[in-house]
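> For reference, the chains in residue letters:
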Amino acid sequence: MTCLPTTAGSKKLGLVIDLDICVGCHACAVNCKEWNTSGHSAPLTDWNAYSDDAEEDGDEGAWGVWFNRIHTYEAGEGEDARTVHFPRSCLHCETPDCVTVCPTGASYKRVEDGIVLVNADLCIGCKLCSWACPYGAREYDKTEGVMKKCTLCVDKIYNENLEEQDRVPACVSTCPAGARHFGDLGDPDSDVSQLVAERQGYELMPEMGYKPVNRYLPPRPRRTKAEDFGAPERLADLALRVPAGETTSDASGLLGWLDTMLSR
Amino acid sequence: MHPALSVIFFTTASGAGYGLLVWLALHAALTGDANPLIGWIGFPLALGLVTAGLLSSTFHLGHPERAWRAMSQWRSSWLSREGLLAVLTYIPALLFAVGWVLLGRNDGLWMLAGAVAAVLAMVTVYCTAMIYQSLKTIPRWHNGFTVPGYLAMAMATGGLWILPLLALSGSDLQTMALPTMGFVLLSAAIKWRYWTATDNAAPTATSGTATGLANLGTVRLLEGPTTSETYVMREMGYRIGRKHAVKLRRLAGFFGLVIPIAVLAAVLAMPGSGTMAGGLVLLAAISGSVGVVVERWLYFAEAKHVSTLYYGEEFA
Chain F
1 MTCLPTTAGS KKLGLVIDLD ICVGCHACAV NCKEWNTSGH SAPLTDWNAY SDDAEEDGDE
61 GAWGVWFNRI HTYEAGEGED ARTVHFPRSC LHCETPDCVT VCPTGASYKR VEDGIVLVNA
121 DLCIGCKLCS WACPYGAREY DKTEGVMKKC TLCVDKIYNE NLEEQDRVPA CVSTCPAGAR
181 HFGDLGDPDS DVSQLVAERQ GYELMPEMGY KPVNRYLPPR PRRTKAEDFG APERLADLAL
241 RVPAGETTSD ASGLLGWLDT MLSR
Chain S
1001 MHPALSVIFF TTASGAGYGL LVWLALHAAL TGDANPLIGW IGFPLALGLV TAGLLSSTFH
1061 LGHPERAWRA MSQWRSSWLS REGLLAVLTY IPALLFAVGW VLLGRNDGLW MLAGAVAAVL
1121 AMVTVYCTAM IYQSLKTIPR WHNGFTVPGY LAMAMATGGL WILPLLALSG SDLQTMALPT
1181 MGFVLLSAAI KWRYWTATDN AAPTATSGTA TGLANLGTVR LLEGPTTSET YVMREMGYRI
1241 GRKHAVKLRR LAGFFGLVIP IAVLAAVLAM PGSGTMAGGL VLLAAISGSV GVVVERWLYF
1301 AEAKHVSTLY YGEEFA
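So the sequences go chain by chain: F and S.
Just so we're aligned: 44 in the working numbering is position 44 of the first sequence, and the numbers increase by one with no gaps anywhere.
Count along the second sequence from 1, then add 1000; that gives the number in the working numbering.
So here's chain F without its partners, still in its complex pose (with noise of 0.2 Å):
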């Protein structure tokens, strides 16, 4: 059924992004990739893979089915410009238009922990849940001919094979810098609702109505203040007495022709 479930549990499992601290490295796409190749929607197909002009679909350029894009932002002018890497995946939404629109029950969202997923066995390839999907979350698999997405790693988070500690997603896991979170966002007392709302996280695009579980943790203010990072007192003077710049208009003479010869 692809309508969303009526009597949907509390429960809302998703991921937290801390965007002060993602570093950019990518590691978390290629553990997904790794982990879900053999995983509830394996495997994770790639064309081209070789090769940036290869004809072998008739298209260009390698491409390939992945649950995790690694983007990097610039936000701000001149000196207050940040440069934010941004993790973007699957948001497990609370309204996901991407489930509605499958003529064909494939895709669903789970009433247990409201994970969103697509039964492989059902999905005709049609495409419309991708073009429902604002985040750019879904992608299809062109060997397969069906959508593969996020599954937030289920046959990872509920396997008792497995340590308890390594029931977390791949990407989460993985994360060396320790920039992701997972956990229950319907319970307000998890860990991760209350990081979000110490951090002040926030959903992506809330004017879509589509009510996305993930929260994103903003970037900190910059720090440019001894104050800011707890540095005493006196390093905050001594920083004022250090010279701006240093400048060589007053040399003459020899350091002035060799100023001039190495400026060239």
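Please keep in mind that the hints were generated in silico from the structure rather than gathered at the bench.
Every residue gets a Cβ at the ideal spot worked out from N, C-alpha and C, and that includes glycine.
You can trust all of the hints, since none of them are fake.
With a straight-line Cα cutoff of 25 Å, these simulated DMTMM-like cross-link-like pairs (lysine to aspartate or glutamate) come out:
id, chain 1, residue 1, chain 2, residue 2
1, F, K211, F, D187
2, F, K33, S, E1229
3, F, K33, S, E1223
4, F, K11, F, D187
5, S, K1136, S, D1199
6, F, K211, F, D113
7, F, K142, F, E34
8, F, K142, S, E1229
9, F, K11, F, D166
10, F, K225, F, E74
11, S, K1136, F, E207
12, F, K33, F, E164
13, F, K33, F, D113
14, F, K211, S, E1314
15, F, K142, S, E1065
16, F, K33, F, D184
17, S, K1243, S, E1223
18, S, K1136, F, E94
19, S, K1136, F, E203
20, S, K1243, S, D1199
Derived contacts from chain F toward chain S, CB cut-off under 8 Å, selection only:
id, residue
21, E77
22, F86
23, C123
24, P134
25, Y135
26, Y140
27, M208
To spell it out: a stretch of chain S is covered by chain F in this simulated footprint if at least three of its residues, at any positions, have a beta carbon under 8 Å from a beta carbon of chain F; those stretches are:
id, region
28, 1056-1063
29, 1076-1087
30, 1135-1148
31, 1221-1230
32, 1234-1245
Since the structure of chain F is already known, use the hints to place chain S on it.
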């Protein structure tokens, strides 16, 4: 949006086919004339266009053999409703065709079958249009012009295609030429309003809201996630249409509006249905269909998907 030829062919061909079915039913209701020539050419043409369109959209699927499953989710999915309605329309349409072609009758119950087929045909076109209009992710589709546009263009192309059949059978062209002209003008008016409204519409979302970084300033893509194009960039990030939009709109207007209106005006001004008139209305039908195909190509190619905000677009 990437303009897939199969979808453009499906929406334009099935639109013309369903429109023609409505005009055949109108002809039956208004004249009661079960002219075999109109029936023998009209039904294969109408149902052929519809069937060819449906087959082309089916073969475009990743798993065509599972297409039947698409009729199961009519409670939530417009695509499912469209599939179901398309199949249901065949029942009265085939009865209507059998009565007219094999029994030479299109009155009484046979006419009723035609009326039911006409209503279902328009409901099917409505469902097709709703597939696009319901997508909040594509602002150029998610507005009140999509459904009226699809319905008016189905009626206009259907009307343009019944005129050559009427000319061939020596029937009067005037009765059908006037309302067809009305639908051609209505289609053009809707399209004109659609273009002016969507060209000047405020953005639905921006790169700032997509990333949530708007408070830091203008958000620009510094580095994409891949060195070549992803599925999302291939499917949603089509730019060529926007580049040539003005020229293509003129072409759509020339073939879809100017030529058909000129021919219909000539037919209305000079009563009778000679060979000359027959040739002219056939030309108008072909030209009108070309115009609608160009329009439909633009409808896809000009549409910007909000997911492109993650790939460098500033607003959508």
